[in-house]
Amino acid sequence: MAGTVQYGGSGGTPHFCAEIKSETLKGLVNIISAIVDEVKFTITPEGMTLKAVDAAHVAMIEINADSGAFESYSAEECEIGLDLDKIKGVLKLASGVDIIRMEQDADKGRLIFRVGNITRAMTILDTSSLNDPKVPELHLKSSIGISVDELKKGISAADAISDHITMRADSERFELSCEGDTDSVTLRVDKSNLVSLDADAEVCSMFPLDYFSNIVKAIPNGTVINIELDNDYPVKLLFGIAGQHVSVNYLLAPRIESE
Amino acid sequence: MAGTVQYGGSGGTPHFCAEIKSETLKGLVNIISAIVDEVKFTITPEGMTLKAVDAAHVAMIEINADSGAFESYSAEECEIGLDLDKIKGVLKLASGVDIIRMEQDADKGRLIFRVGNITRAMTILDTSSLNDPKVPELHLKSSIGISVDELKKGISAADAISDHITMRADSERFELSCEGDTDSVTLRVDKSNLVSLDADAEVCSMFPLDYFSNIVKAIPNGTVINIELDNDYPVKLLFGIAGQHVSVNYLLAPRIESE
Amino acid sequence: MAGTVQYGGSGGTPHFCAEIKSETLKGLVNIISAIVDEVKFTITPEGMTLKAVDAAHVAMIEINADSGAFESYSAEECEIGLDLDKIKGVLKLASGVDIIRMEQDADKGRLIFRVGNITRAMTILDTSSLNDPKVPELHLKSSIGISVDELKKGISAADAISDHITMRADSERFELSCEGDTDSVTLRVDKSNLVSLDADAEVCSMFPLDYFSNIVKAIPNGTVINIELDNDYPVKLLFGIAGQHVSVNYLLAPRIESE
Chain A
1 MAGTVQYGGS GGTPHFCAEI KSETLKGLVN IISAIVDEVK FTITPEGMTL
51 KAVDAAHVAM IEINADSGAF ESYSAEECEI GLDLDKIKGV LKLASGVDII
101 RMEQDADKGR LIFRVGNITR AMTILDTSSL NDPKVPELHL KSSIGISVDE
151 LKKGISAADA ISDHITMRAD SERFELSCEG DTDSVTLRVD KSNLVSLDAD
201 AEVCSMFPLD YFSNIVKAIP NGTVINIELD NDYPVKLLFG IAGQHVSVNY
251 LLAPRIESE
Chain B
1001 MAGTVQYGGS GGTPHFCAEI KSETLKGLVN IISAIVDEVK FTITPEGMTL
1051 KAVDAAHVAM IEINADSGAF ESYSAEECEI GLDLDKIKGV LKLASGVDII
1101 RMEQDADKGR LIFRVGNITR AMTILDTSSL NDPKVPELHL KSSIGISVDE
1151 LKKGISAADA ISDHITMRAD SERFELSCEG DTDSVTLRVD KSNLVSLDAD
1201 AEVCSMFPLD YFSNIVKAIP NGTVINIELD NDYPVKLLFG IAGQHVSVNY
1251 LLAPRIESE
Chain C
2001 MAGTVQYGGS GGTPHFCAEI KSETLKGLVN IISAIVDEVK FTITPEGMTL
2051 KAVDAAHVAM IEINADSGAF ESYSAEECEI GLDLDKIKGV LKLASGVDII
2101 RMEQDADKGR LIFRVGNITR AMTILDTSSL NDPKVPELHL KSSIGISVDE
2151 LKKGISAADA ISDHITMRAD SERFELSCEG DTDSVTLRVD KSNLVSLDAD
2201 AEVCSMFPLD YFSNIVKAIP NGTVINIELD NDYPVKLLFG IAGQHVSVNY
2251 LLAPRIESE
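Protein chains in written order, with the numbering used here: chain A, 1 to 259; chain B, 1001 to 1259; chain C, 2001 to 2259.
Treat the hints as calculated values from the structure; they're not laboratory data.
This structure is a prediction, so every number in the text was calculated from the model and none was measured.
Check before you lean on any hint, since a few could be wrong.
Simulated restraints on C-beta separations [stated by the list, open to error]:
id	chain 1	residue 1	chain 2	residue 2	range
1	C	Asp2107	B	Glu1172	18 to 28 angstroms
2	A	Asp126	C	Asp2149	36 to 46 angstroms
3	B	Asn1221	A	Asp126	56 to 66 angstroms
4	B	Leu1140	C	Arg2101	26 to 36 angstroms
5	A	Ile256	B	Val1224	51 to 61 angstroms
Derived DSSO-like pairs: lysine-lysine, alpha-carbon spacing no greater than 30 angstroms straight-line [what the hints assert, rightly or not]:
id	chain 1	residue 1	chain 2	residue 2
6	A	Lys92	C	Lys2092
7	C	Lys2153	A	Lys92
8	C	Lys2191	A	Lys92
Here's a subset of chain A near chain C, in silico, CB distances under 10 angstroms, partners left out [as the list claims (entries may be wrong)]:
id	residue
9	Asp85
10	Leu93
11	Asn117
12	Thr119
13	Ala121
14	Met122
15	Thr123
Think of the CB as a built atom: it goes at the ideal place given N, C-alpha and C, for glycine as much as any other residue.
In isolation and in its complexed conformation, chain A is listed as follows (with noise of 0.2 angstroms):
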């Protein structure tokens, strides 16, 4: 039997080495700090996984990227947990269709990234502090596919308007929008613009701009996002990147209005 091999533990030889395209690991560390710092990968022989809750949590995020995900892969059961910065300076070093390696140094305690010519050894760290949260099941009541872009588009639009967007949808339209005290902003993508729409009431629910800002501008370009809303509910927002082989789990609380 295998055996989970806690990294840290005095048994057994952790083992995780793996080759990714610069612009995957770029993709999923850019989305990844929408949300932490610092982050605790969960390796298993099929892939790699992540849960993470920010320090406030308002927003959290499920990650599965399987092994078609990366150009070769090979590991044993492990957690690493990785400071997210240095990963960032990793990648300043790559173009994007360089390919980085990485491997565990067991002995002492480091992962190695190499680039070209280039090795960078990185401390893991104590993953025993950074706890999975546990991922709320929620049955929201519509679902909008809709590119990227536009809700790109629409942030740029609510920029110093409010520090909350709303979002709306019913079986004709989606639609962003920011209400001031003086000024107001709408986006409005009417159902033919839209990938799908599956809404059969009016659903509407406001969330705070900044959070909702940061994951959509890791968001790359021309990602088609499945977008599931309620009334006064968190929205899910779903998406897949690297060719669909890691897919990407977003849910934001509401701020709910008191009456």
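With chain A's structure known, arrange chains B and C on it following the hints.
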């Protein structure tokens, strides 16, 4: 009789609705921003005018945009006060060829901008505090036609040498110069490289560099400026943008050195 | 006999007049700026030389530009002290192919730069406080010919890991490495990817990263550097710019760790 409908007045229905190319609106806003942050547009059925003076009463601008500067134009007489930073926010949502639609929403006292599927409503400012300055009639001795690109080069060269810039012309050339305690710089443009030159005797005046720099940087590259210059007198910059449908008259007070 | 005419001396007519391509002057100024802000050029009929040491006496530079580095050159012996930031201001007025004319204006103690129709007069600094450092004769054990592009990659990788960088060479390879408390990075260039390698035994010295980074970033991409390296000794970087008409000799003191 149509009568003048002041926005905010109790009777009548103020009406203004126009479409303009993003790049034309941007050109206008850049030039106005060189001296004020808030501006009152005076709207008539024939076009839009504005007069503004900066807080220190050193620079003054008068702009006339005929209806040909717009893609479509329909207006009764009214005044609309706007915050230029907010218009800049709208311009960020559009590319140069996009059409921006502006429409007065009389009931709510707001101006509605539409760019593609974005609707941005903006409070109309109370214009009672925004008085039209009286633009003086000046008869200046000499006149120089020059590309704004030359002036931009001169301003760049003057950087960090002094707070003032001197303009000088005679029958042979135009000069921009800047004299510091130890260093100096001169841009000399001979008659053959000017668009026109009409100066019988030498004329020379000195101006605050920051004001001159702000307006010159706001003028699109390639624009021909007509400079009217005299001895220790204000300088007048006359130029057109948007295919001459917008005419700009800018006045800058001289700095006169005490003997 | 020509005699040495010191600028500022009472007799004789200092004379210096030269034309240089903007990109050549920019290359020179970038390199000198890596260690000093003000510099004294020693001018002779054959060319221009300078020696400078940084304020902390950690780095030293010696530059020889023969008259072939200039488009035209005519000079008697003299010394000219200049503020490099001011020359950078002049460079901003020129594109890479523009010719910059420099001419000493003896009466006023200024150097006159001409770029197109711009004339920029700059005070010549008093050179009495700018002493020529004595450049030590060093006979270093090994020599490595390498493209500066590799060094730039190594510096980028070293960012935020440590304040020091180690250079190491043996008969097979050259290495740049940086060792922090928890992290490390190494750039390894095998002999086959070096321009030349002459190292019998292993040599290794450690240097302050900021100094090394400043000079390396100032060297144009594609330049081949000859690194002369020894154990716990200064390193010498030798390279040419402007088609080898300008030769640069840069010395950097090692950091020697106490046992």
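> Taking 36 to 46 angstroms as the hint, is the beta-carbon distance of Asp126 of chain A and Asp2149 of chain C inside that range?
Replying inline: With Cβ atoms ~38 angstroms apart, the hint holds.
>> Checking hints one by one. Is Ala121 of chain A an interface residue toward chain C, by the C-beta closer than 10 angstroms rule?
In response: 5 angstroms, holds
> Per the hint of 18 to 28 angstroms, is the separation of the Cβ atoms of Asp2107 of chain C and Glu1172 of chain B within bounds?
Replying inline: Given about 25 angstroms between the Cβ atoms, the range holds.
> Is the hinted range of 51 to 61 angstroms satisfied by the C-beta distance from Ile256 of chain A to Val1224 of chain B?
Replying inline: 59 angstroms, holds
> Is Lys2153 of chain C within 30 angstroms of Lys92 of chain A, Cα to Cα?
Replying inline: 10 angstroms, holds
>> Is the interface hint satisfied for Leu93 of chain A? The criterion is a beta-carbon contact with chain C at less than 10 angstroms.
In response: Interface hint status for Leu93 of chain A: holds (5 angstroms vs cutoff 10 angstroms).
> Does the Cβ distance between Leu1140 of chain B and Arg2101 of chain C fall inside 26 to 36 angstroms?
Replying inline: 35 angstroms, holds
>> Checking one constraint from the list: CA of Lys2191 of chain C to CA of Lys92 of chain A, max 30 angstroms. Satisfied?
In response: With a Cα-Cα distance of about 25 angstroms, the restraint between Lys2191 of chain C and Lys92 of chain A holds, given a limit of 30 angstroms.
>> Does Thr123 of chain A hold up as a contact with chain C if the rule is Cβ-Cβ below 10 angstroms?
In response: 4 angstroms, holds
> CA of Lys92 of chain A to CA of Lys2092 of chain C, is that 30 angstroms or under?
Replying inline: 29 angstroms, holds
>> Let's test the interface hint: is any C-beta of chain C closer than 10 angstroms to that of Thr119 of chain A?
In response: Since chain C brings a Cβ to about 5 angstroms from Thr119 of chain A, closer than 10 angstroms, the hint holds.
>> Please check whether Asp85 of chain A passes as an interface residue: C-beta within 10 angstroms of a C-beta belonging to chain C.
In response: 8 angstroms, holds
Of the numbered hints given earlier, the model fails none.
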